[in-house]
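Engineer: Turn these sequences into a full structure, and let the hints steer you where they fit.
Residue numbers (the numbering used here), protein chains in the order written: chain P, 7 to 330; chain G, 7 to 330; chain S, 7 to 330; chain D, 7 to 330.
There may be inaccurate statements among the hints.
Using C-beta positions, here's what the derived DEER-type ranges look like [claimed, not checked]: (1) Ala95/P / Asp217/G: 51 to 61 Å; (2) Gly160/S / Gly160/D: 15 to 25 Å; (3) Arg63/P / Arg254/S: 20 to 30 Å; (4) Gly176/D / Tyr195/S: 25 to 35 Å; (5) Thr131/D / Leu214/S: 27 to 37 Å; (6) Asp247/G / Asp182/D: 35 to 45 Å; (7) Arg253/G / Ala48/D: 26 to 36 Å; (8) Arg180/P / Ala35/G: 28 to 38 Å; (9) Asp182/D / Arg291/S: 26 to 36 Å; (10) Arg159/D / Arg133/S: 48 to 58 Å; (11) His84/P / Glu243/S: 36 to 46 Å; (12) His289/D / Gln155/S: 18 to 28 Å.
The set of hints was computed from the structure by calculation and includes no laboratory data. We put the beta carbon where it would ideally sit given N, CA and C, even for glycine.
4 protein chains.
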Amino acid sequence: MHSSVHKLPIGVLGASGYAGRELCSLIAAHPRLELAFATANAQAGKSIHVPFAGDVRFIESEQAPLGDAALVFSALPHGASKIWVERAAAAGAKVVDLSNDLRIGSDGGGIPYGLTELRRDQVRTARIVANPGCYPTTTMLGLLPLLEQGLVRGGATIAVNAASGVTGAGLTPRVDLLFGEVTENFRAYGVGNTHRHLNEMRALCAELGSDVDLLFTPHLLPVARGILATMTVPLAEPLADAMAPWRRRYGGERFVELSAGPPELRDVVRRNVIRIYATMAAHVRAPTLLVFAATDNLVKGAAGQALQNANLMLGLDEALGLPC
Amino acid sequence: MHSSVHKLPIGVLGASGYAGRELCSLIAAHPRLELAFATANAQAGKSIHVPFAGDVRFIESEQAPLGDAALVFSALPHGASKIWVERAAAAGAKVVDLSNDLRIGSDGGGIPYGLTELRRDQVRTARIVANPGCYPTTTMLGLLPLLEQGLVRGGATIAVNAASGVTGAGLTPRVDLLFGEVTENFRAYGVGNTHRHLNEMRALCAELGSDVDLLFTPHLLPVARGILATMTVPLAEPLADAMAPWRRRYGGERFVELSAGPPELRDVVRRNVIRIYATMAAHVRAPTLLVFAATDNLVKGAAGQALQNANLMLGLDEALGLPC
Amino acid sequence: MHSSVHKLPIGVLGASGYAGRELCSLIAAHPRLELAFATANAQAGKSIHVPFAGDVRFIESEQAPLGDAALVFSALPHGASKIWVERAAAAGAKVVDLSNDLRIGSDGGGIPYGLTELRRDQVRTARIVANPGCYPTTTMLGLLPLLEQGLVRGGATIAVNAASGVTGAGLTPRVDLLFGEVTENFRAYGVGNTHRHLNEMRALCAELGSDVDLLFTPHLLPVARGILATMTVPLAEPLADAMAPWRRRYGGERFVELSAGPPELRDVVRRNVIRIYATMAAHVRAPTLLVFAATDNLVKGAAGQALQNANLMLGLDEALGLPC
Amino acid sequence: MHSSVHKLPIGVLGASGYAGRELCSLIAAHPRLELAFATANAQAGKSIHVPFAGDVRFIESEQAPLGDAALVFSALPHGASKIWVERAAAAGAKVVDLSNDLRIGSDGGGIPYGLTELRRDQVRTARIVANPGCYPTTTMLGLLPLLEQGLVRGGATIAVNAASGVTGAGLTPRVDLLFGEVTENFRAYGVGNTHRHLNEMRALCAELGSDVDLLFTPHLLPVARGILATMTVPLAEPLADAMAPWRRRYGGERFVELSAGPPELRDVVRRNVIRIYATMAAHVRAPTLLVFAATDNLVKGAAGQALQNANLMLGLDEALGLPC
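Structural biologist: Right, here's the structure in full:
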C-alpha cells in the first residue's frame, strides 16, 4: 500500500511479549518503517501470527543483525535489557529501551527520559532513549501542568489511585493472572506506596523541583488494556477553571486530549493518546482537585510512545504511523 | 431439608430487580423463613426462574397481602418505596426498606439506620429499618474504627475511591450499561464529590461526631458484583499496628473479616461479609493510612445486610441463613 | 497525514450505532475518503467522540445533503433503510446498504449482493449494493468452496453453530444485553432454525445450485466483537487434504486467511478478514468435515466489507484503507 | 449453625485446584460432613482463604490420615490419582475419584461410573466411584433419554458442540489461559474429534447399546464457570413433543431441570443441576432435534456430582448439602 517509499529497517528485541507484539503491529502499519528482525529467545525459529503484523518469525537475540537497523526497540525484561541496549548502540543503531533499566531514578547515567511531551528536544537528538513506564506516563502527564505551574499545596500528598489492565503484567504464566482468577475480580496490589514505578515518578517530581509526596496505589482490572489514574490533589488555592492548567500546557499537543467529562478506557485503547479531565471537589473545606487520566498501557504507555520517540530520533514527523 | 420447622412468611416488594431477586434466593435458603409473596408490577402474572429460589411468580404490589407477612422487604426504587413501607407497617408487618427514602440524611424521621454492626441494638427492637446503601456500607464499616477511636487528623479530607460492579446500577435498560459498553472499559462517574450516597455518609460522620471531609469518587467496573473501596486517611499520628483499630472494634463480629493483604472482590462475592485491610503508607511525610474494604454490593451491601437486620427484628440468630 | 490527495465525500446514514461508528472510524483512516455527513436522528445536533474518528457531529437524515456525497452508506435499521437507499440513489449517490432490506431472499429486486469474494464483478459496476449480514458472511464464505466444488453429500444437513459478540445486536437498551446479564453467561437464541439471517443464507445456497439444508443455531458470547462459526459438513467422500478446497478457491484473496489451526476471535477482531480452518473428523463412520470460520462482525461482517464494496464501486483499490 | 449433629470426617486429596476448593466449600456447607484434611503438596503448610470454607490449611498427601476419613475425594491430576485412590481404599475409606483414571473407557476394572442419574444403584453400594468428567456429564445426561428410548437414527452422527469456562482447564499457569489471552476471545480446541473425554462418552454409548457416532468439538469460553452443549441429533422419526423423552426419563430427578427455552450458563452456575431443552429443527428435510444442556463444570460437572455420589455411598439423602 505504501510500496514505493524507502523504508527504514527497525529491529525489535523481546518481540514476543505484549509490548513487543504491539511494536511489530505499529511498525507494520507505519509508512516509513519496516521490521528488519524480531527476537524472542524462547520462541526462536517459530512464526507467530500477530494481528496487523502478519506472521512474525522470531530469531534469537544473539543472531540479530543489530548494525543493520536504523533503530532498535528493546522490549526485553527489566534487568536483561541494558546490556542489549549497549550492544545495539555500539553496533550503530539508535535505541529506544522500554525496560526500566535506564530510566530516571535508576543508575541510567543521564539517558534522556522519553516522556515525549516533556522531553521532546532531548529525545530528538538522542541516540538512546529510556521509554517511561505505563503508570508513570499516565500519572506524570496528568500531573505535569499542576507541578510545572506550582498549583499544588506545598508539601502535600497527592493520592494516585490507578487501575490497569492485565497486559501491564506481561505475557507470563502466573496463576494470579489466569482468566479464572481475574474475571469478576478487582484488587489493589503493591500497597503501602511500594510499587517499583514509584521511584521513577519521585525522581521526575524532584527534577521538576516539586516537593509533593506521591502516594501511589495500583489496582488490577479485569480488562486486557488500559490504565485509569484517579488523582486527588490538594491545591494551594481553588481553581476557577479546573481545566485551564492543561489547556495552557498542552495546547498544540497531538497526543493529549482534554475531555469534557471523566475519560473512559474505551476512549483510549489502541490509541497513542492520554485523555485528561479535572474538576474541583465539592463539599470539602481544603481546596482539592480531582484529576483523571487514561491511556492504553501498551500504546501511549509503551509501544506507541516508544514509536513517537523513534519518529523524533529518526527525523520523521512525530505522529507518523501512530493510531489516534 | 428443613421441612418440619415452622417458617415465618416474608414478603418482597420490588422483587424483580437485582436486590429483589437476591432477597428471594436468600429467603429460599433460610431455615426459618419462606417467601409469602413477591411483587413486580411490570412482570405481574409472570414466573421467572431465579437461581436458588426456583420459579418465582410475581404479583402486583396492590395485590400483596401485606398483613400476612411477618416481615416485608421493600426493594422498590428510591422515591417509590416510602409509601409502601408505611402501608406494610400499617398492615402490621415489620419492614426493612432497601431504598434510600428513609435513611439518615433523608427526612426519614428517626427510622433506625441498619448498619448492623453499628446499630444492632436499635435494629433489634425496630419495626422499620432503613437499610444502608452499598457504598455507604463498605465505606463506613471500613472507616468506623478510625472515626470512633479519634485517629483521623482533625479536619482532614479522606479520599474514598470506590469501584462497583454494574448490578449496583440496577436492572434498567440503559445504553451505557450494555455489555458492549462496559466490557474492557472502566470509568469514574458522579465525579466532583456529588454522588447521591454522599449525603448518607456525611450524615453518619456527623452523628459520630467526626469533623472529617469525605471525598467520594465512584467508578464502574466491568464485573457484575462487588465493591472495593480504597481509602486514603490522614492520621493524627502514625499507627504502629495498622490493623489494631479494626481488631479492637470488630472482635466478635461474624460478618467482618480482617484480611492479611488487600481484599479482592472474589473473596466477598455472594457472601454477607466485609473484608478489610489497612497499611501505613511509606515514602510520605504526613502519616497516612491506606484502608481497603470489599463487599458484595448485593449481599452485605443490600439483601444480605437486610436479612441480617430482619433476623434481629424477628428474634432469630443474626447469622441464620446468611452465606459466609 | 494524507493531506494533499483529493478525497471523495462520503455520507453515513444511521451513524450512531455500532456499525455506523465503525464506518466513521474507517472513513477517517481512509486515504481517499472523507466524511461528508453522519446522520442519527435521536442524537441530531450532538457531537460524540468516536475513537479514531474524533468528535463526530450528527445531523438528521432529513438534513443530509445526499447529492453531495460520492457514496452513501446506510446503517439504518432493517425496515427503515430501503426508503433512504432509494432517496440517496435518486440524489445521484452510489449506495451501500448494510440493512437486510435489499438482500437476496428479500424482495430487493435484483440488487447485487455484496459478498465481495463471490460477487466482485457485479459490485464493481453497481450503483446500489446490499451488504451481507454478519452471520451470512461468516457462514457462506466459510462454506463457499465446498458448495461450489460439489463436495457436500447430496441433500445433507450442515449444522452451523455460530457464536457472536453482543455488538451484533446493536446499541439498543435491552435488559438481556446489560453487562450484568451477559458477563459469565452464554446461551443459544433463535433456536429451532428460525433466525432471520437464515433466509439470506438459504437463498444464496439456492443461487449456488446446492441442495443442502442449513441448520443454523446462533449463540450470544460475552464478548463485544467477533463471530465464530463451527460447521459440521457431511461429505460425499473423505478429503485427503482438508484445506485444499479453500486454497483453490481463495488463492489470491487479500481478506481471506487460511489458518494452521482453529481460528480465534482475537485473530480477526478489528480486521477486515475471515480466517478459516477445516479438518476431517476422526472416529465417525460417515465422512465429515469440521469447518471453522471467524470474522469481526462489525468489520468483515459489516462496515469493513461495506467499505471493501465501496472501494470497488468508486474505482479504488479494493483493499484501500482496510485494516488487515 | 448445625452444631449438635454428628458429622462424618471427609478428606480431600488435591484440594488446591478448582475442583478441590469447590469440594472444601461444599463440605463446609454440608450439615452432616466436615473436612478432616485437605492435601496439596505444593502448598503444604499454607493456609489459603477459600470462600465459604474459610481458611483451609493444606498438608502433604503423604501426611494425610486416610484411615480416619469416612470418605475421601480425590481431585488429584489424571494419572496421579489412581494410586491414592487405592491407598485410601486400603486404609478403609470410601473414595470418589474425580480424575479420569478409573472411568469407563479406561482400564479402571469395573469401578462404578458415577453418572448418578444413570448408575444410582451401583453407586449406593460402591466403595469406590469414578466421577464422570464435566463434558461427559453434560453431554450424556443430555442425550441419555434419546439413546435409551432408541430415538436416534441408526448409525447417525450426533454433532456435539460444547463450550466451557476456563476453570475446566484447572488452575495451571498456562499462557493461553491468561486473562489477556482469553478475554474477548473464543476458540475451538481438540478439534477433529480428538478430545480425551471422547473415549469416556463412546464407552458409555457402547454400554447403552447405541450405535451412534459422537462428533465432539469443545470450545473455550471467556467465562470462569459453566458448560453449554449444543447437540444436533438426527432422529429416526420426528418428535411431536420434543421434550417428552426427558420428561419421561427424568420425572423424579431433583438435579435435572427441563427449561422452557434454551438454558443459559447463569441459570446453572454454582448449582448442582443440569438444565436441558430440546426443539425440532425447522426448514430441514431430515428430522433433526436440537438439544441444549447446561451445567456448572465445577458443580454438577465435578465436585457437586461427587458429593451427590458421596451422599449415596454414606447412606445420606442424595441431595443433602447440595446447592440448587
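Engineer: Each hint needs a verdict: does it hold in this structure or not?
Structural biologist: So, going through the hints one by one against the coordinates:
| no. | hint | in the structure |
| --- | --- | --- |
| 1 | Ala95/P / Asp217/G: 51 to 61 Å | 58 Å, holds |
| 2 | Gly160/S / Gly160/D: 15 to 25 Å | 20 Å, holds |
| 3 | Arg63/P / Arg254/S: 20 to 30 Å | 27 Å, holds |
| 4 | Gly176/D / Tyr195/S: 25 to 35 Å | 30 Å, holds |
| 5 | Thr131/D / Leu214/S: 27 to 37 Å | 60 Å, violated |
| 6 | Asp247/G / Asp182/D: 35 to 45 Å | 44 Å, holds |
| 7 | Arg253/G / Ala48/D: 26 to 36 Å | 31 Å, holds |
| 8 | Arg180/P / Ala35/G: 28 to 38 Å | 36 Å, holds |
| 9 | Asp182/D / Arg291/S: 26 to 36 Å | 33 Å, holds |
| 10 | Arg159/D / Arg133/S: 48 to 58 Å | 49 Å, holds |
| 11 | His84/P / Glu243/S: 36 to 46 Å | 57 Å, violated |
| 12 | His289/D / Gln155/S: 18 to 28 Å | 24 Å, holds |
Checked against the numbered hints given earlier, the structure breaks hints 5 and 11 and satisfies all the rest.
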